[in-house]
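Undergrad: Residue numbers (my numbering), protein chains in the order written: chain A, 1287 to 1577; chain B, 1386 to 1703; chain C, 24 to 580.
Quick caveat, the hints were computed from the structure, so don't treat them as lab data.
Honestly, I wouldn't trust all of these hints.
For the chain B half of the interface with chain A, some residues (derived, Cβ under 8 Å), not all of them [unchecked claim]: (1) Trp1600; (2) Ser1614; (3) Ile1618; (4) Phe1621.
One-sided and incomplete, this derived list gives chain C residues near chain B with beta-carbon spacing under 8 Å [said to hold, decoys possible]: (5) Gln67; (6) Trp119; (7) Arg125; (8) Glu161; (9) Lys165; (10) Phe463.
Note that beta-carbon positions come from the ideal geometry of N, C-alpha and C, so glycine has one too.
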Amino acid sequence: MRYAYFPGCVAKSSAPELYNSTAQVALRLGVELVELTAASCCGTGVLNEGDPFLNTVLNARTFAMAEDMNLDIITICSTCQGVMRQDKWRLDNDSNLFAKTNEALAKINTQYKGKVEIKHLLWALVEDYGLAKLEQQVERPLKGSKVAPFYGCYILRPNEVVQFESHENPTSFERLITALGGEPVSYDGKTKCCGFPILFVQRETAFEMSAAYLNNAKQAGADFMVTPCPLCHISLDLYQKKSVKRMKFDFQLPVMHLSQMVGLALGVEPARLGFARHLVSMAPVLRELSR
Amino acid sequence: MKTQEAVFRIFRFNPELSEKPHYQTFQVKIDNRMTVLDALEDIKHEQDATLTFRRSCRSGICGSCAMKINRLAKLACKTRAKTEMDNHGEILVEPMENMSPILRDLTVDMGEFWREIDRGTPWLVWEETLAGTIKENLLTNQQQRVPDTLANCIMCGCCFSDCVSRVFDKNFTGPASLAKIHRFVADPRDEVGEKRVPTLVEMGLWSCTHCYFCWSQCPRDVRPVAAISALRILSFNAGDTNQGARHVRAFMNSVKGTGMLNEARLYLETMRWTMLRDLDLIVKMATRGKAPSLFVRPIPKIEEARSLFQLTRGARQK
Amino acid sequence: MIKHDIVIVGAGLAGLRAAIEAKEKGADVAVLSKLHPVRSHSDQAQGGINASLSEDDSWEKHAFDTVKGSDYLADQDAVELMCKDAPRAIIELEHWGALFSRTETGRLAQRPFGGAGFPRTCFAADKTGHVLQTTIFEQVKKNGVHVYEEWFATSLVVEDNVCRGLTAIEIVTGEVHGVQAKAVILAAGGAGRVYNRTTNSLTTTGDGIAMAYNAGVPLEDMEFVQFHPTTLCGSNILISEAARGEGGYLVNSLGERFMKKYAPDRMELAARDIVARAEETEIREGRGFEDECVHLDLRHLGEAKINERLPTIRELAVYFGGVDPVEELIPVQPAQHYTMGGVPTGLDGAAPVEGLYAAGECACVSVHGANRLGGNSLLDTIVFGKRAGAKAAEYAKEASVVSFPDIALKEETQRIETLLNRKEGVKASEIKKALGSTMFDKVGIFRHKRELEIAKRNVAALKRQFTNVCVMDSSRRFNTSLIETLEVGFALDLAEVIIASALARRESRGAHYRLDYPKRDDTKWLKHTLAVRTAEGPKLSYKPVTITRWQPEERGY
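Working from the sequences, and respecting the hints, build out all of it.
TA: Right, dumping it as structure tokens:
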């Protein structure tokens, strides 16, 4: 398995633990990640509200890079995946846009051909690698840990863009958790929104959102939450204390990145997975697992 | 046609009786074609006449029968019972969210929804000197394409019900309201047009959290979130000084500057002095190696990416 | 007591157009509707709205097509008025923002439609009703007209042949109100749900027409019920005539375009009654498909055209019919669609009771006579809705306040109370089912004295059963079972009138086809039926048809 790797901005900036744990996972599984170092930010849905055509062209440039390598793109961020897939969907369904985009790309000597696929690591693990095979690689099973998957928005919706599984009753995350030896926990909000897109603009609302779903997961008995998106992780981990305080709750629920959870189960040393960087301590979970 | 037994678990509540809201289970024999509405009518006529819900056209155009089916707002007349059974093992039927009070069973008071629609001057401000003349405004199908999509809205309330932001922010006018406004902004015949946009900031234009539930749940493919993005672009281009617009500006500068984001600068430029609220956070992040650096090396071939900023501007102006 | 100058029952196109007009004329007007306005049945119309906009067309040609389409029963002065006003009425909607489909040069596009000698049907893809209803409701909001939303009108209060107002149930609370008004405009639509196979909404139950009848107002031409040729097999969801307007074919089980036998000139675009009878004949003679249908073939139109001009139809066929018309044939069958008859009105919407007006499908001006042309109903609503609104406003300005007899409210409240308190009895849904199938089988596309007599007896029996109907829900709050029960009551009354009028009319004309009297008989029957309620049932009388230019001719397509 070989992919053109788009880690996204946050993995290379405020969430190095995500970048590093992904590298560990790839190593263990024999997956080759060829990083697209010259690729620009996907736009995260924000650039799209300043200049949508520019956003599309920038992403098309990234797509073209992968196409030149004859590889599909893999990303470790739901938002990168969602935003890029949206641009791909627009390009593939609007011949006018496709033409205009390639007109611009021609000036920098490249073209988008429409062949590249954009996948999230979660899908690659479930489909390309296969859960049965993954299960065999597990060295430190999550030993019945109750794990609350937080899908969030971009990895599920809109259906016609994402096309991996229905957002009505997704199961990929739960199946992955089970394969790693954990016990997935169901709770209201697992497919809802962490509030990150409005975190800088209207933080109170974002706090209330993430607090509500963290609380639901906690009430449902979760030992930790796991997310496929580092932007969600910012909301759910970095701002957890503020969110919880605003709602006058009183609890802590540690939140893992997807790669960290997989890495942990595959036997990677916790120290190399970067849990120490989190604001909400993963110590209780790690203690349980090391018993 | 093959039939199977379906289990309906339906929300019941009649404020006139002193009962508490509760769920009642009904079994209905369904075939491949039956919709949830067909089943509700069946239950009402054969099993329990007190089951209360709205319905009218049974063909997905009037919007009466919007309700939550297996936790997502849908039109009952366009939701196939078998599909729901296959996907969820049961059919949970509840009233829509974000609209209260519940009047009875599955009917909600949609007042909140209508009030939000009314917040935005929801009619064409038309050229009144044309009154009585028989010359139509000239308009091509292409020019009408955007308003046409938005005018497919049947005001069912599904998007509003499932809007995550609306749950927590009652000032956010909601997807249907903003989609409706964009329908007029994008209509060349509207005398006000883009001048409608400045008022949208206080109605929560920047409060949409891009959860995409409105896109998913709309039975008419209106895609309100796309309308919201379009309105934000107009607001941004018109020099909106709201923090949301400022964030967009800072974001663009960051991408132009370094290709990948300079998270620290982006944060500071968006938040400005309000970053003081996060001082504690910043300190903690710094001590754990999570604080992004103020200096970010530009990506390789940054000039190439930067040149696109110029190229696309040219293409846009064409 | 709620008081207004004008109260309009029904918030579809006719009611809202009347409201805008009345408000503009300075009247204190309110609309009363059992549904939120945007849910009204007008929202469901698909195909289009007619006007002679083209230089190669003329209002005279439009009027002639309408008169011929009506099988010469329409009142020609009304038809002329409607056709003359059509361009203004439609362009007005465009000015208000209606998103009509356009030609390449940006003008309003027009398509051919059934029974029309020229393509004069303006359209908004195939969701014309939705577009117009949305536009008109927007303007109602702009004009600040008050709407009593989810109020169910139960009776018209008439005393000394003067309209006093009405009684209505506020559905949410169940409270019965008296609404005093100088003028009442009935615009509550047609009566499709008297039939079990109908394109109409579940809520199109003829309330306005029945209320008028119960208040002693004669009903006109009730025997003329239109059956639309193309409704989805089984659900009877409408597949617009536009499908045929854009070139669709109707085929039988032998693969023939059978319309060649019945209307060799216009083929699929003959008048609706002719096409419906043709289909029914094919089906009865064994050339249909299972489930009693024929096929509508749109495949040759191509995906692009279907997506541009008929997107709603495609979606409906896929979702509710299980077929994609781009690649497959759509199974269709005739079903009840429109009520040509209704409350008789003059050219300005005035009904035979002082202070009472009517417009839209519930009125009978008569512009549609024995059969309505596609695209003329939407036109009818806005032309006569406006006129009724104006006339009612004028009347209300001059008229003195009328008293509302308290006894009317007391009696109505008591009637409903009794109904609610009845603990046991017959289910309204059972009666409705039986009524619907009797009407479709015996008072349908092909009629015969024998069947009509049976229908008459059946309905009488159902009416007797109805005196013992039990609502099965004693709650006051949002009691939809009560509403449905009252609607069935209205349906039974109208069924009686339809049957009596059909029995009496011993000829075939337009949509009323008698197997025992298959010919049109102008000598004896060129006249409108009027039916008045008496204790012994509907009492019939007749009035002449107004002829201005066109003497009845042989009607072939």
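Undergrad: Each hint needs a verdict: does it hold in this structure or not?
TA: The hints, checked one at a time:
Taking 8 Å as the C-beta contact cut-off toward chain A, the hint placing tryptophan 1600 of chain B at the interface holds, the least distance being around 4 Å. Taken as an interface hint, serine 1614 of chain B checks out: its beta carbon lies about 5 Å from the nearest beta carbon of chain A, inside 8 Å. With its C-beta approaching chain A no nearer than about 6 Å, isoleucine 1618 of chain B sits inside the 8 Å limit, and its interface hint holds. With a least beta-carbon distance of about 6 Å to chain A, the hint placing phenylalanine 1621 of chain B at the interface is held under the 8 Å criterion.
Restraint check, glutamine 67 of chain C versus chain B: the minimum CB separation of about 5 Å is within 8 Å; hint holds. Taken as an interface hint, tryptophan 119 of chain C checks out: its beta carbon lies about 6 Å from the nearest beta carbon of chain B, inside 8 Å. Given the 8 Å rule on beta carbons, the hint for arginine 125 of chain C holds: about 5 Å separates it from the nearest Cβ of chain B. For glutamate 161 of chain C, the shortest C-beta to C-beta distance to chain B is roughly 4 Å, which falls under 8 Å, so the interface hint holds.
For lysine 165 of chain C, the shortest C-beta to C-beta distance to chain B is roughly 4 Å, which falls under 8 Å, so the interface hint holds. Interface restraint check for phenylalanine 463 of chain C: the shortest CB-CB distance to chain B comes to about 17 Å, outside 8 Å, so the restraint is violated.
Checked against the numbered hints given earlier, the structure breaks only hint 10 and satisfies all the rest.
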